[in-house]
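A.B. asks: Given next are the chains, with one letter for each unit.
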Amino acid sequence: MTDDEKIIEMFFNRSEQAIRELDIKYGKLCRRLSYNIVNDRRDAEECVNDAYLGAWNAIPPARPNPLLSYILKIVRNISLNSYWRKEAAKRGGAYTIAIEEIESCMADPKTVEAEIEARELARVIGDFLDTLSLENRVIFLRRYWFADSCRDIAGLTGLSEKNVSVRLARIRGKLKRYLIEREVLV
Amino acid sequence: MNAKRFSEAMGELDGKYIDEALSYNTAARRHRRFRRVSVALTAAVLTILLMGTAVAGVFGTQIVEFFTSHTESGYDLDAAIEKVPAEELSGSVLEVGGVIERQFKDYKAYYSWYPGEWQSTFSTRDKACEFIGFDQLKPIGWDLEEQISTLSILGNEKGQILSLNLETAYAVNDMRAQFISRVYTENYDEEPVLGIRDSAGAEFEESYYTTDSNMQCHIINTSARESDYLCLDGYVVDESVLYNLHIAYKEGDSARAMELMRQWADLL
Chain U
105 MTDDEKIIEM FFNRSEQAIR ELDIKYGKLC RRLSYNIVND RRDAEECVND
155 AYLGAWNAIP PARPNPLLSY ILKIVRNISL NSYWRKEAAK RGGAYTIAIE
205 EIESCMADPK TVEAEIEARE LARVIGDFLD TLSLENRVIF LRRYWFADSC
255 RDIAGLTGLS EKNVSVRLAR IRGKLKRYLI EREVLV
Chain E
10 MNAKRFSEAM GELDGKYIDE ALSYNTAARR HRRFRRVSVA LTAAVLTILL
60 MGTAVAGVFG TQIVEFFTSH TESGYDLDAA IEKVPAEELS GSVLEVGGVI
110 ERQFKDYKAY YSWYPGEWQS TFSTRDKACE FIGFDQLKPI GWDLEEQIST
160 LSILGNEKGQ ILSLNLETAY AVNDMRAQFI SRVYTENYDE EPVLGIRDSA
210 GAEFEESYYT TDSNMQCHII NTSARESDYL CLDGYVVDES VLYNLHIAYK
260 EGDSARAMEL MRQWADLL
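Chains U and E, in that order, give the protein sequences. Each residue of the first sequence is one higher than the one before, counting from 105 in the numbering used here. Each residue of the second sequence is one higher than the one before, counting from 10 in the numbering used here.
Keep in mind that the hints were calculated from the coordinates and are not lab data. These numbers were taken from a predicted model, which means no experiment stands behind them. Be careful, since some hints might not be right.
The calculated lysine-lysine pairs, modelled on BS3-like cross-linking and capped at a C-alpha distance of 30 Å, are [unchecked claim]:
1. K278(U) <-> K25(E)
2. K136(E) <-> K92(E)
3. K280(U) <-> K92(E)
4. K190(U) <-> K13(E)
5. K266(U) <-> K13(E)
6. K129(U) <-> K25(E)
7. K25(E) <-> K280(U)
8. K177(U) <-> K266(U)
9. K25(E) <-> K266(U)
10. K25(E) <-> K177(U)
11. K177(U) <-> K280(U)
12. K132(U) <-> K25(E)
13. K13(E) <-> K278(U)
14. K147(E) <-> K278(U)
15. K177(U) <-> K132(U)
16. K136(E) <-> K278(U)
17. K147(E) <-> K280(U)
18. K92(E) <-> K266(U)
19. K132(U) <-> K13(E)
20. K25(E) <-> K110(U)
21. K13(E) <-> K280(U)
Model the full structure from these sequences, guided by the hints.
C.D. replies: Structure (structure tokens):
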């Protein structure tokens with residue numbers, strides 16, 4: 105039985121040790137993701153604790169596999185709720201920079217956004233991601249899902265910071281063309 | 010697109026992409042060496058450099074240094090370009106590595122040539138591209154008359170290909186145009202910096218043009234030299250290929266030269 109499976113079993117047995125083990129194993133990653141989004145240590149701590157509570161309530165019946173991406177998704181959702189609740193002027197941080205990159209690329213006065221649900225848009229973005237190389241896909245996810253800085257991504261991929269930045273610019277351009285071709289942006 | 014909407018959609022992405030980003034194999038990281046370029050700058054050049062740096066995150070090329078002296082003038086251009094694994098070349102070009110390896114083996118110190126370079130000419134650019142067999146090297150549907158295409162390949166003593174330089178010449182009335190495509194392999198262990206040298210006293214002006222396909226063309230205009238010819242150089246980096254168009258023209262053809270430059274960039 106892997107560590108993750110043991111943690112899940114603890115959740116199923118309603119042992120509070122599950123939360124402690126989860127935090128020992130993935131707490132650092134969770135706090136980092138949350139901090140990238142909310143840009144405040146105390147808020148990030150609260151978001152992560154709320155995410156643990158969310159996991160406690162969801163497991164069982166859920167039996168997530170893999171556990172890490174499951175808990176990170178909860179952390180991200182809760183952190184984004186906190187992020188959007190703040191006034192725009194108070195947001196700041198890595199996520200604001202990342203999201204502004206997307207907005208400045210996609211918000212073209214010549215294009216209009218078609219009505220499309222988030223889930224459908226996610227499917228189109230997923231299809232787009234499948235057209236990218238593994239490395240470019242990871243760069244895109246690390247920037248716009250994990251809100252990592254270009255420097256962090258450069259460290260992960262072994263590329264220069266400038267190269268990461270250039271690649272992201274190209275991927276955004278490709279994504280825009282892809283969305284226009286599929287009439288998501290018209 | 011509305012940022013919140015994009016953000017929500019990212020949250021709905023299939024978990025496989027998150028897992029992939031989490032488990033990205035760090036053992037497969039690239040190992041790169043970065044060359045530090047020492048730069049001595051005048052205040053005026055510094056201004057230009059800072060402008061270049063401000064956009065460096067977006068554009069594929071940036072000026073490291075403009076310089077001018079009583080003997081020559083020019084600039085160094087840093088290209089942010091992906092180096093390709095040599096295995097991605099699939100044409101007859103792969104045999105060139107062996108030729109270069111033999112050059113090193115057979116070389117004698119008293120020869121008038123140096124080993125490490127192979128060159129050949131082709132009647133068309135398309136034929137040269139076929140010889141190279143690299144998918145990302147784009148054909149260009151330009152209705153100008155091609156004169157000749159010259160392929161130069163640099164390699165090392167192990168027979169590894171380091172870089173490819175494909176140059177196609179065109180004649181357009183009184184203008185001369187050279188379309189150059191450069192590819193660097195992962196065996197090329199420095200960051201590509203192009204050193205452009207011109208006659209003394211030339212002045213340079215840089216600008217940018219956004220192509221129809223939303224790529225950036227970095228344009229450098231060189232003032233008239235003793236020959237009365239001005240030059241226009243355009244640089245476009247498309248992932249692993251650095252495209253460059255060099256146009257030499259007389260003052261009266263300035264508008265036509267710029268039109269050609271934009272036409273070329275839009276075709277990429």
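A.B. asks: All hints are to be evaluated individually against the structure, with a verdict given for each.
C.D. replies: Okay, the hints, checked on the actual structure:
1. K278(U) <-> K25(E): With a Cα-Cα distance of about 21 Å, the restraint between K278(U) and K25(E) holds, given a limit of 30 Å.
2. K136(E) <-> K92(E): holds (23 Å)
3. K280(U) <-> K92(E): Since the Cα atoms of K280(U) and K92(E) sit roughly 25 Å apart, the hinted pair holds (cutoff 30 Å).
4. K190(U) <-> K13(E): Distance ~13 Å between K190(U) and K13(E) Cα, so the pair holds.
5. K266(U) <-> K13(E): It holds: about 27 Å lies between the C-alpha atoms, which stays within 30 Å.
6. K129(U) <-> K25(E): Holds, at roughly 21 Å.
7. K25(E) <-> K280(U): holds (23 Å)
8. K177(U) <-> K266(U): Holds, at roughly 29 Å.
9. K25(E) <-> K266(U): holds (27 Å)
10. K25(E) <-> K177(U): holds (12 Å)
11. K177(U) <-> K280(U): holds (25 Å)
12. K132(U) <-> K25(E): Roughly 21 Å separates the two Cα atoms, so the pair holds.
13. K13(E) <-> K278(U): holds (20 Å)
14. K147(E) <-> K278(U): Roughly 17 Å separates the two Cα atoms, so the pair holds.
15. K177(U) <-> K132(U): Roughly 15 Å separates the two Cα atoms, so the pair holds.
16. K136(E) <-> K278(U): holds (29 Å)
17. K147(E) <-> K280(U): holds (21 Å)
18. K92(E) <-> K266(U): holds (14 Å)
19. K132(U) <-> K13(E): Satisfied, since the Cα-Cα distance of roughly 26 Å is no more than 30 Å.
20. K25(E) <-> K110(U): holds (22 Å)
21. K13(E) <-> K280(U): Between K13(E) and K280(U) the Cα gap is close to 16 Å, so the pair holds against 30 Å.
When the structure is compared with the earlier hints, no violation turns up for any of them.
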